[in-house]
Amino acid sequence: MRTPALVVLAWGVWLAGAQVAGAADDQPSPAPSPQLAAEGKALYGQFCRNCHGVNMVNPGTSSFDLRKFPPDEHARFVNSVTHGKNTMPAWGDILKPEEIEALWAYVRTGGKT
Amino acid sequence: MKALLLATALTMLLPLEGYAQSSDELTKGPNDTANVLNYGMDYGQQRYSPLNQINKQTAKSLVPVWSLSLDDNRSQESQPLVYNGVIYVTTHNATIAVDAKTGRQIWKTKVEYPPETPRIVCCGIINRGAALYEGKLFRTTLDAHVMALDAKTGKELWKETVIDWKNGYAQTLAPLVADGVVITGTSGGEYGIRGFIDGWDPATGKHLWRTYTIPGPGEPGHDTWPGDTWQHGGGSTWITGSYDPELHTVYWGIGNAGPWNAMMRAPGDNLYTCSVLALDPKSGQIKWHFQFSPNDPFDFDSVADMVLANLNIRGQPTKVLLNGNRNGFFYVLDRTNGKLIAANQFVKTLNWATGIDENGRPIESDLTKKMRTTGETVEIWPSVWGGKAWSPSSFNPNNGLVYANTLELGMKYTPTRPQYRAGTTYWGADLAWVFPKDGNVGYLKAIDPLTGKAKWEVTSPTPRWGGVLTTGGGVVFSGQLTGEFEAFDVDTGQKLWGFQTGSGVEGQPVTWQQDGVQYVAVTSGAGGAYVVYAGDERLANVPAGGSLWAFALNPQTSP
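Protein sequences, first through last, are from chains A and B. At position 112 of the first sequence the residue is numbered 112 (our numbering), and the sequence of numbers has no breaks. At position 343 of the second sequence the residue is numbered 343 (our numbering), and the sequence of numbers has no breaks.
Hints should not be assumed to be uniformly reliable.
To be verified - One side only, chain A facing chain B, incomplete, derived with CB under 10 Å:
| id | residue |
| --- | --- |
| 1 | 62 |
| 2 | 65 |
| 3 | 73 |
| 4 | 91 |
Claimed, not checked - Derived coverage of chain A by chain B (criterion: at least 3 residues anywhere in the stretch with Cβ under 8 Å from a Cβ of chain B; other residues may be distant):
| id | segment |
| --- | --- |
| 5 | 45-53 |
| 6 | 79-90 |
I should point out that these hints are in silico values taken from the structure, not numbers from a laboratory. Cβ coordinates follow ideal geometry from the N, Cα and C atoms, glycine included.
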């Protein structure tokens, strides 16, 4: 009985966090640090490029053109990558939160690094 | 309960005829023009039909007879099978039976798999088709299961786990039924797998044998792998093999070595990656092997169609195996012993090797040697998609030519050193695509297998990513990623007809005759490896959306 309660609690905390992040997201996040973006690029190469294209270049018809991901929707990015969305698989059990932040930094470069 | 019993009793009373394909029927291939029972149109995968109602003169009168929505936005690469007026087609998440004349769905059985599974599928969420035998339909699933359905009702009869998909094993291929054994392979060459081919009992799903494509300790060829590298060495088997019943031999192509960085598995040839294996279907025992690309750094999978034909070689009728290899060379082997007969370049630009020596070993170029010693970025042609990717070709026995969808695309290639982590990619190289100057990536070619030279070629900006079919009517059928399904003159390459199917064609066309009418069917639905991975933005206005199309001559306008 304890575990489900804990899970519910964790879920609630996460939701609250997401909401806070969502509110902050109304302003565009500050420019990504080049170092974080480089880490993100390496992770992208390992986990994302075969569906989203080399340097994020893809026709955007069968996956998502990440160059067009809204730069002020950080919470949506974290949520979609963590939990998946439609046919996009979830990565929350493989990627650590800081890795998802690095990916976000890379996505914000538009693939130009 | 009563109703159920009654239903079961009724099913048992129904004559089996009409649903029970025998081994005999599976060997008929092009001689049985009423049905399409094999992946590749016959056991030798020639993708040829003698039918000639649709011919060079009449093809312009082709019209769609019907179209069926596959209710799926993933890539559609399934080859339809046809038996007694019923079409069987698969998607990644369903198996479907269709009335061949009306296009009405007869049954549809969903395939469930965990939503995380696509994480271990490198190159498009697809299924390439089914196999039929003794009233059962066999297929594989993305999460590495093999299953049998009742061909009449779609009811699941058995479902067996191949291996844990979480370690990077997926399945997209159509099974092969050879000598009463259901034979399947696996994907996962980019996820650090150790590849294999399996044999299953069609009646019960009992696992009969497994042949690893990478020999374990003590097995011949194991010493071609340094240290533990064999454990994650790749060698996937993701395209259906061909079968010669007379020689009682199955020919199965083996995928690339993993990771792509060959320095991580050197020295050694890394058997049996990038090879073809000749196997006994009853035991899975290896009779011979031929390796196309030893210690391959460039993802030159050799899984694509191993076409069986009879050619005149130096005046002798010879049982050959034909393969337009991803490495850019066209191979002709003697399939009784695996000896090389010919290997010639069939793409325009190729710089990783300067030729193939008489023993079948590639002569690597200085560029490749430099990359191997320095690990520097090099511009290599063809790219990891190869001179010909998975797209199955057609052998036309009337003129001895092979009709193939080939590619002109290069890459900037930089080897990297990945860490193995179960269930995640194990690439081993960074890539950037190099598109040809004239922009044409696609070349549909009529290739002389003995010289690699093309009698004619038809170019296209984006490549044709599906299969090719040729017929006794002198027509070549194939589709475009931009949606057109087209017919060409087998002798000249002149376009005879085309029709826009509404999404990209990645499917494998088939033809059969029913009540005096010749039909051609193909699936449409973009979203395969090239669409998601190759970064070709010229496809940005080709929507996803799967459908199955059937065409025939318009009785009003055809002569």
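Does the structure break any of the earlier hints, and which numbers would those be? The structure breaks only hint 3.
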